[in-house]
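Taken in order, these protein sequences are the chains called A and B.
Using my numbering, the first residue of the first sequence is number 1, and each one after it goes up by one.
Using my numbering, the first residue of the second sequence is number 157, and each one after it goes up by one.
In short, the hints are calculated from the structure, not lab data.
Just so you know, not all the hints are guaranteed correct.
Examples of chain B residues toward chain A, derived with CB under 10 Å [as the list claims (entries may be wrong)]:
hint : residue
1    : Arg185
2    : Asp211
3    : Ala213
4    : Gly214
5    : Ile215
6    : Gly220
7    : Lys239
8    : Ser240
9    : Lys243
10   : Met247
11   : Cys248
Here the structure is a predicted model, which means the values were calculated and not measured.
Yeah, the Cβ is synthetic: ideal placement off N, Cα and C, and Gly gets one too.
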Amino acid sequence: MRNRYENEMKLEFLSKSNNEAFARIAVAAFVSQLDPTIEELADIKTAVSEAVTNAIIHGYEEKEGMVKIVCKLIGNSVVIEVSDTGKGIENIELAKQPLYTSKPNLERSGMGFTIMESFMDEMKIESVVGLGTKVTMKKKIEQEVSQKEEDCAIKA
Amino acid sequence: MKSKFYEEDKLLVLEITEEIDHHTTEELRRKMDNEIERCMPREVVFDFGSVAFMDSAGIGMVIGRYKLAKMFGASVCMTNVRKSVKKIFEMCGILRLIPILEEKIG
Ligand SMILES: Nc1ncnc2c1ncn2[C@@H]1O[C@H](COP(=O)(O)OP(=O)(O)OP(=O)(O)O)[C@@H](O)[C@H]1O
Ligand SMILES: [Mg+2]
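Please work from the sequences and hints to get the whole structure.
Given below as structure tokens:
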């Protein structure tokens with residue numbers, strides 16, 4: 001039963017830095033339905049925080065705009081899209097390089113995309129200069145063995 | 157953030173008590189720089205014991221304070237770093253520069 005579970009939510013908020021905590025907590029609360037481990041939840045919160053922060057500081061360059069999050073639960077996986085209609089990324093390959101940052105003066109480390117890529121199972125960047133950026137991330141939530149056994153028992 | 161300066165050892169312990177992200181680092185940086193400049197320590201320890209969340213903003217924050225402390229000739233290390241936070245520091249090689257001290261300070 002649980003592995004056929006589907007649900008979806010959308011969230012839109014102003015590109016203010018104090019919404020970074022709100023965004024990652026909201027997504028984590030939604031994903032909790034899949035019974036993730038504490039570690040999986042921490043990974044998801046970090047990845048969301050990275051994507052949302054990027055939208056705010058790079059996409060909109062701290063000017064006002066809307067950041068959108070779509071979060072889908074499909075089977076045992078969570079799919080999270082974070083998008084902005086800001087300036088877009090010229091060279092996606094370069095942007096993905098560990099330690100590459102276009103804003104070293106802001107004490108950025110250039111590790112955001114590297115963290116998203118390694119903390120989630122999949123990450124895809126779509127971007128058009130002048131139109132905006134969408135980052136899509138996917139992560140499978142491992143089911144506990146006991147939970148699987150329980151499902152089997154229910155089916156039987 | 158709470159800060160404690162041990163005069164006799166010139167040891168400054170900066171205990172971070174908030175989640176660390178782009179939003180919170182702005183104020184944290186300012187407070188930490190004030191403390192470092194005011195105390196002129198020989199050793200700076202970041203205590204992460206109360207940090208429940210940190211993203212990549214924490215890397216830039218720690219490196220920035222490391223650079224400032226170096227100008228005063230101070231060494232910098234971290235303590236009480238939980239697993240989820242350590243995972244982020246481990247990704248970028250910063251631990252070679254700013255090691256994690258295993259025993260508790262302060
Ligand atoms: N939403 C976005 N809109 C425009 N440019 C972006 C966006 N997201 C990322 N970028 C570009 O990609 C680069 C790399 O992003 P990444 O998150 O890896 O590093 P960073 O944000 O610069 O530093 P860090 O995340 O470590 O603080 C950014 O410096 C920026 O130039
Ligand atoms: Mg980033």
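Which earlier hints can't be squared with this structure? Hints that this structure does not satisfy do not exist here, as all of them hold.
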